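Protein chains in written order, with my numbering: chain A, 1 to 307; chain B, 1 to 289; chain C, 1 to 379.
Rather than coming from a laboratory, the hints here were simulated on the basis of the structure.
Note that the structure is predicted; figures quoted are calculated from it, not measured.
All residues carry an ideal CB built from backbone N, CA and C; glycine is no exception.
Each hint should be verified, as a subset may be incorrect.
Below 25 Å or equal to it, Euclidean Cα-Cα: the simulated PhoX-like pairs (lysine-lysine) are [as the list claims (entries may be wrong)]:
1) A:K227 - A:K253
2) C:K105 - B:K277
3) B:K277 - A:K116
4) B:K277 - A:K67
5) C:K135 - C:K105
6) A:K169 - A:K253
7) C:K134 - C:K105
8) A:K227 - A:K116
From the structure, some residues in chain C lie toward chain B, with a derived Cβ separation under 8 Å [said to hold, decoys possible]:
9) P76
10) V81
11) N87
12) Y102
One side only, chain B facing chain A, incomplete, derived with CB under 10 Å [as the list claims (entries may be wrong)]:
13) L46
14) Q72
15) R73
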Amino acid sequence: MSSVEATTDTRTVSRWEQLFDRSTRELLVGLLFAAPYLALFTVFLLYPLLKGLYMSLHEWNFLEPSKSTYVGLENYARLLEDPAFWNALWNTLEFVGMTVPLIVGISLVLALGLNKELKGSRVLQFIYFSPYVLTVSVVGIIWAQMFAQGGVGTQYLGWLFEGTPLNSKFWAMPAIVVTTVWWQAGFYFAVLLAARQNVPERLYEAARLDGAGPWRMFRDITLPHMKNALLFVVIASSIFQFQVFGQPYLMTKGGPVGSTETLVYYLYELGFQTRELGFGAAVGYTLLVILVGVSALNYVLVGTNDE
Amino acid sequence: MSNADTTQSLTDRLTDRDTQYRIALYAVMYGLAVVFFIPYWRMFQLSVTPMSVLSQGGFNWIPPELTFAVWQRYLVEEPIIYQWAFNTLTIASITTFLVLLVDSMIAFSITRLDWPGQGAILAVIMASFMIPGYVNIIPLYTLINDLGLMNSYWAIILPFAAGPLGVFLLVQFFRDIPEELEEAARLDGFSSLRIYARIILPLSTPILTALGLFVFIWSWNQFLWPLIVLNDDALYTLPIGVVTLRDVNALAPNVIMTSLALASLPLFIVFLLFQDKLISSVQMQAGTG
Amino acid sequence: MGRITIDNVRKEYDSDAGTIRAVDDVSLNVRDGEFLTIVGPSGSGKSTLLRMIAGLEDITGGEIRIDDTVVNDIAPQNRGVAMVFQNYALYPHMSVRQNMSYGLKLTTDLGDDEIRRRVEDTAEMMGIGDLLDKKPNNLSGGQQQRVATGRAIVRQPDVFLFDEPLSNLDAKLRLHMRTELQRIQEELETTAVYVTHDQTEAMTMSDRIVILNDGTIQQVGTPAEVYADPVNKFVADFIGSPSMNFFDVSLEEDVLYGDDFDYAIPSSFASVVRENARSDSLVLGIRPEHITVDTDGEDTVTATLDVLEHEGSDNYLYLSKGDTEWTVRVDGNTRFEWGETVEFSLPPEHLHVFDAETGENLVVEEGMTADVDSSSVTA
């Protein structure tokens, strides 16, 4: 049963192989496979990024870009003196500062609770997670109604504020925070639940034999094992919440008196309402620098914690 | 004898504490579930409350009268929601398909083929991971405008497909597929294209499903960007459409809420069908964070 | 047909520490129908060499021919070779049948019926006929191994390439598959190149063995040759289990002087050593199974028994005197006590003397030299 078919005549070099040597072929095929994404990446991500920098150095004329004038760092200087920018930055920090701890806390409670054997845990999981699949406009509009006259929030918490929370300089931001937590907590809950389920059960058995109570087990076993997941939750939610736009746009229009105007909202107004594109690009770049700084800092923290 | 007594009472106390603990656990978990559920209930409740009740003002948990008139109106009489749903579905489907295709191709090229410069390219793509999508919107807007893509699906699809998340996830996954499989395939006469299509892709179905679901949902739910590039009623996606409906029907919460419920329904069904897949896709992303 | 000619083949990698030469100027001929084993420690370049034959690695320099075709630039699938991988590399999403038929579909123009027939015949031969519709993940390790081998056989290649195909099996199954693979190769008369780090596999399965170290060929020969006449200390140490005993010695007159013993050797033997030696520092080598425990030799060595190992038919004695340790194999029936002083002799026909510096065997019989080219006589 020695082979007849696979004789020397099959041992040939194809034309394609004659034309290029092996590494050239590999390069050509490699580039061919990489090309579609690289094209998208270059045109719709890299190019705008560079163009943004260029625009931010100009007084940009949207209708006739050739008539834009170079102004150097003037846009950035103006930015630093613009009280609206500082207001937006402050509001954003306030929002992130309230939202992230609440999200982390609630998603952790949900994850730890659901890790236990509960009747109906699938239904519970569905309810906690489901807001995450909603679009921000649905979320924003429902909660705007919840906080409107005759809404649940106003009905039961009305004694806290005059009128409705969304019309109160003090309560508008917390209302947006509550909305956001409802919308987003489920996502992070799912992350933390997986992390909790990955903690080996035998560690708890060993700890129980060592005489550890629930609090000690939480502190000495659960938390250390979930550290990376918790860090992810903190970092990812900080970066995401920093770019909050839809909720204030839909619920308060940035008001009252600019008290819920966030950075991306400010950027949106500059770009698409007042059409100050050069200045807006400078705001975008500033936001970029802030966020890259935040995530770089976080990467350093995570990196050193990983060891 | 006395020894046995103490152990007895100890286990009694333990089970007692255990029971209390479980009661507290149920109370907290179901309590939170009820709180989480209230917005849904209000949406549904208001959508079936007739205007006559709403205009009286006042607050109800359960409407005194029921009507499905508004549901009927948007499901049967005014098909605008269908148009929006179709737009959203088209955009989300094309985006998902495109992302899975081009991301898996480049991930294959980077992890399974060997050519100079691939490391540098991967590094640039990974670095762009740190750039949040929204900061680019102004230059991107001028680009879309220059390309004449305003008011088209592509204005939404193409920038989304340029994102690096999928490349990142797939590169991680493809790297772990054993090299020997590919070598066996080469000896069997597979071309690179066939290795990609017949070996790598079929072996990656879990991650492709996860990524696909995720991209679909994200793309479906986009808000700010479509708001900027779509200015034509007929082209709106559901997230934008419901906002215009609210602005038009500001005084009719039942209309608003019905439109919200209808807009949310498709993804709710997707979620119901793929609950486990979707949740594990969320977890997969975190694993790479 | 399946002759392989390897001419001055090199493989170099670039790494952070400069260029690494994995295979260094290797020349070798594999005869048609031969079972040739390449054996060596990890990092010796044996897998790299095999993968160059397969076409999975580029050849940095030199030439590989299969029959009369230079295959350096020929794609793997067109070389007429089939390979069995260490981890089997079965396509997990395809059934056994699909796994086995894929290569035929892509590299031949056989019809579906012919492919089906061939796959079924091969499966029958491998004893996996009833597994054809299962997925690899549902098979045991041994079954997966058979499928992997079957996938190679069904291609009816000119050359089989095996890359440590048995190393993932448990000991008993490995023994069984060893004879099975030999049987199949003999039946098909297809050239086989087999890579392993396990010298026992190499000794039991091969027509000829190639011993590779640091990318260079140490010796090529039949199992009997490399066992009886290792060209250097490396081969002597690598082949045979347990390993050969080695002692640093010097030669004065006709007596070898070790640290804790001296031993007289025939003067003809001594003169050969003296003739070939380039320095005074020598290494004496003798296999545990060649040491004879008796008192009637012309000269004897004594040492104290430290450990006695029963291995069924054989006993292994671990002896010592001063810092010098001996391993001796004796019949399983002989009785020894711990602490006993044992007297033994070293039959001169089994003695090996190596240059301490180069490791070269100073007493190699004529016609059994390590001349690599001797294998190319048949080419």
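- Taken at face value, is the distance from the CA of K253 of chain A to the CA of K169 of chain A at most 25 Å? 13 Å, holds
- Query: Any CB of chain B closer than 8 Å to the CB of V81 of chain C?
  - Reply: 7 Å, holds
- Message: Quick check on the hint: Y102 of chain C CB to chain B CB, less than 8 Å?
- Response: OK, holds: Y102 of chain C within 8 Å of chain B, min 5 Å.
- Q72 of chain B as chain A interface residue, shortest Cβ-Cβ below 10 Å: This hint is violated: Q72 of chain B lies away from chain A, its Cβ roughly 21 Å from the closest one there, beyond 10 Å.
- Item | chain B contact restraint on N87 of chain C - CB to CB distance below 8 Å | 5 Å, holds
- Query: Is it true that the CA of K134 of chain C sits at most 25 Å from the CA of K105 of chain C?
  - Reply: 20 Å, holds
- Item | Hint check: 10 Å Cβ-Cβ cutoff, R73 of chain B to chain A | 18 Å, violated
- Message: Given the hinted pair K135 of chain C and K105 of chain C, is their Cα-Cα distance within 25 Å?
- Response: 19 Å, holds
- Message: Need the status of pair K105 of chain C, K277 of chain B: alpha-carbon distance at most 25 Å?
- Response: 35 Å, violated
- Message: Between the alpha carbons of K227 of chain A and K253 of chain A, is the straight-line distance 25 Å or under?
- Response: Violated. K227 of chain A to K253 of chain A sits at ~38 Å, over the 25 Å cutoff.
- Under the criterion that the straight-line Cα-Cα distance not exceed 25 Å, is the pair K277 of chain B, K116 of chain A satisfied? Holds. K277 of chain B to K116 of chain A sits at ~21 Å (cutoff 25 Å).
- Message: Hint check: K227 of chain A vs K116 of chain A, CA-CA at most 25 Å. Holds or violated?
- Response: Holds: K227 of chain A and K116 of chain A sit about 20 Å apart, inside 25 Å.
Of the numbered hints stated above, those contradicted by the structure are hints 1, 2, 4, 14, 15, listed in ascending order.
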